[in-house]
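Number of protein chains: 4
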Amino acid sequence: MRPEPFAPRIYNGDERFVRDETTGWIYHRVFNRALYADTDRSGIVYHANYLRYFELGRASLMRDVGFPYAEIEDSGYVYPIVDLALKYFQPLVYDSPMWIHTRPADLERVRVKFEYVILHAETADLVCKGHTQHCALNAKGVPTAVDPITVKTWKTFPNTIKT
Amino acid sequence: MRPEPFAPRIYNGDERFVRDETTGWIYHRVFNRALYADTDRSGIVYHANYLRYFELGRASLMRDVGFPYAEIEDSGYVYPIVDLALKYFQPLVYDSPMWIHTRPADLERVRVKFEYVILHAETADLVCKGHTQHCALNAKGVPTAVDPITVKTWKTFPNTIKT
Amino acid sequence: MRPEPFAPRIYNGDERFVRDETTGWIYHRVFNRALYADTDRSGIVYHANYLRYFELGRASLMRDVGFPYAEIEDSGYVYPIVDLALKYFQPLVYDSPMWIHTRPADLERVRVKFEYVILHAETADLVCKGHTQHCALNAKGVPTAVDPITVKTWKTFPNTIKT
Amino acid sequence: MRPEPFAPRIYNGDERFVRDETTGWIYHRVFNRALYADTDRSGIVYHANYLRYFELGRASLMRDVGFPYAEIEDSGYVYPIVDLALKYFQPLVYDSPMWIHTRPADLERVRVKFEYVILHAETADLVCKGHTQHCALNAKGVPTAVDPITVKTWKTFPNTIKT
Chain A
14 MRPEPFAPRI YNGDERFVRD ETTGWIYHRV FNRALYADTD RSGIVYHANY
64 LRYFELGRAS LMRDVGFPYA EIEDSGYVYP IVDLALKYFQ PLVYDSPMWI
114 HTRPADLERV RVKFEYVILH AETADLVCKG HTQHCALNAK GVPTAVDPIT
164 VKTWKTFPNT IKT
Chain B
14 MRPEPFAPRI YNGDERFVRD ETTGWIYHRV FNRALYADTD RSGIVYHANY
64 LRYFELGRAS LMRDVGFPYA EIEDSGYVYP IVDLALKYFQ PLVYDSPMWI
114 HTRPADLERV RVKFEYVILH AETADLVCKG HTQHCALNAK GVPTAVDPIT
164 VKTWKTFPNT IKT
Chain C
14 MRPEPFAPRI YNGDERFVRD ETTGWIYHRV FNRALYADTD RSGIVYHANY
64 LRYFELGRAS LMRDVGFPYA EIEDSGYVYP IVDLALKYFQ PLVYDSPMWI
114 HTRPADLERV RVKFEYVILH AETADLVCKG HTQHCALNAK GVPTAVDPIT
164 VKTWKTFPNT IKT
Chain D
14 MRPEPFAPRI YNGDERFVRD ETTGWIYHRV FNRALYADTD RSGIVYHANY
64 LRYFELGRAS LMRDVGFPYA EIEDSGYVYP IVDLALKYFQ PLVYDSPMWI
114 HTRPADLERV RVKFEYVILH AETADLVCKG HTQHCALNAK GVPTAVDPIT
164 VKTWKTFPNT IKT
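Chains A, B, C and D supply the protein sequences, listed in that same order.
End of the first sequence = 176 in my numbering, gap-free, step of one.
End of the second sequence = 176 in my numbering, gap-free, step of one.
End of the third sequence = 176 in my numbering, gap-free, step of one.
End of the fourth sequence = 176 in my numbering, gap-free, step of one.
Isolated chain A, as found in the complex (with noise of 0.2 Å):
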């Protein structure tokens, strides 16, 4: 079964975002290369080394709209992920240039949801589609509304990114 076309355009003139051609959902985005770590003896990425990209994704976007996820955990809030999910498309390997797009997905009282896509960044081959959930933990790890930091980055994204 043939994935939805992604069709990321650069957003407003900021390389660091995309609009969904497809969806006209916006993303964040963010260069990496796969390492020599992250193979297996297939030859390609390891799948779960994937969620490595995802977090880095994801970290990307919180700093890049202001609130990194750092001062997050310090304010005293945990996100572990309840939840997640992957379909792989076509396999990175070895030193592979890749945009990895995130965009907040939904929000819930005591979940948020983040969406990822990752394309090959010379080819823009679809590899990997993907969610993370995560519920909002306080200091002593009891379920909790979400912080308003991140309520504001997911009612505002992207109108909050710092320039």
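One thing to keep in mind: the hints can contain errors.
One copy or two, either will do: identical chains are not told apart, so a pair holds if it fits within one copy or between any two.
Derived lysine to any residue pairs resembling SDA-like cross-links, with alpha carbons at most 20 Å apart [as the list claims (entries may be wrong)]:
1. Lys153 - Ser55
2. Lys142 - Ala152
3. Lys165 - Ile39
4. Lys142 - Glu86
5. Lys100 - Gly89
6. Lys100 - Cys148
7. Lys126 - Gln103
8. Lys168 - Arg46
9. Lys100 - Lys142
Source of the hints: derived by calculation from the structure; they are not laboratory data.
Given the structure of chain A, go ahead and fit chains B, C and D onto it with the hints provided.
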């Protein structure tokens, strides 16, 4: 939302296999402990590392039914993951003992699916559930019919258990 | 340059310990297999992953002498690594069975050192040798005298073996 | 024991290279940040993950002098690590910004050595120092003379910098 209870009972007197009383499915199981390397600064196992545990689960299953995955690759096949999902219920921490339960689930013409359930080995808490779907590729990287050994494993599990 | 031969013999009838006939040192040992996740595109285990094996070695040693490392951290200490080295002689590949040999080596006032030797479990080929040196820190992160349990482990090894 | 001070100054107006005022050596440098995935439950970067940073350092060096390592492997060589060592002075934590400094050090007939220094990018604290030594293997896995491109890199660094 509460997950369906997972109620494993030793199957047929063989400690390496259990029957889930809720669904009737038979699972292979293998014991493991979380390394310090697997944890992150929030004190729990980093989400991507559960995919290592899943790999340990399916490798142990294949070996215990008599067909180590290395032999399948040596015969000219490779089974990259095309789809995976994971739900997390209760985190593991450093040194947590766990049972990794794995079963061969769907068998299609060019794809196979494993399902996994991880339990804390002392508390029997449900840690996570997930699946990985793999596509059979031949030596040239072209999708191909699932190899005969894997088909046999799926069709006869757990009756081909090597004792 | 050829490494000194490592010639382990089961020690005192306990399969978890060996005596190196060359040096006379006693080592704890634990069995492990290389995961697909541990390999890289050259087909061998990625060099950094041997440090996971070393961690498994020292965690198993501590547990088998009766003092799991988790308990030492619970008592208010942490032992970050301040120095390590590794020499590689023969690579492990996917699914390679290995014996990880670990011994408590030097004991200083605030530092302890482990030494490791990994052998291929079937061919007995020497895979790698290495050490890790750890500094005792108290709960505030300040270097402090090595905790009494660790001192005891170093001074009595392997005579405190829990059977 | 205090390490020798590392005193990097931008070299020749090119931000990608520095000269250490203490030793006079020229290093390539690349910026990076610690991921959550890199940390462990003690709150710092797990010791093995600095080897990923070293890999990023040497891959970036090779690319910036015009010879990506992927091309060297494509020409029929592979450079597994035969020896490495690391000294840790000050830990990195989640999201720590760092400069990874790498220089081509010894060149032997079949072996090459890289040296590394990591500094915290804001405080300039010395984080760790280390080296990796690599052995040239041909396509059959036999030790062979270091390839001409690598020899050239070692002999002319940093004068072959691609601008």
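Each hint tested on the structure:
Taking the shortest alpha-carbon separations for Lys153 and Ser55, only the inter-copy value of 12 Å comes in at or below 20 Å, while the best intra-copy value is 43 Å. Within a single copy, Lys142 and Ala152 get their C-alpha atoms no closer than 32 Å, and across copies no closer than 26 Å, so neither meets the 20 Å cut-off. Taking the shortest Cα distances, Lys165 and Ile39 sit within 20 Å of each other inside one copy (16 Å), while across copies they are farther apart (46 Å). Taking the shortest Cα distances, Lys142 and Glu86 never come within 20 Å of each other, neither inside one copy (27 Å) nor across copies (27 Å).
Proximity of Lys100 and Gly89 under a CA criterion of 20 Å is satisfied in neither setting, with 33 Å inside one chain copy and 24 Å between copies. With identical chains, the CA atoms of Lys100 and Cys148 are at most 20 Å apart between copies only, with a shortest distance of 12 Å across copies and 22 Å within one. Taking identical chains as interchangeable, the C-alpha atoms of Lys126 and Gln103 lie at most 20 Å apart only when they sit on different chains, with a minimum of 19 Å there against 24 Å within one chain. Taking the shortest alpha-carbon separations for Lys168 and Arg46, neither the intra-copy value of 31 Å nor the inter-copy value of 27 Å comes in at or below 20 Å.
In the homo-oligomer, the alpha carbons of Lys100 and Lys142 lie at most 20 Å apart both inside one protomer (5 Å) and across protomers (17 Å), since each shortest distance falls under that limit.
In the structure shown, a violation is registered for the earlier hints numbered 2, 4, 5, 8, in ascending order.
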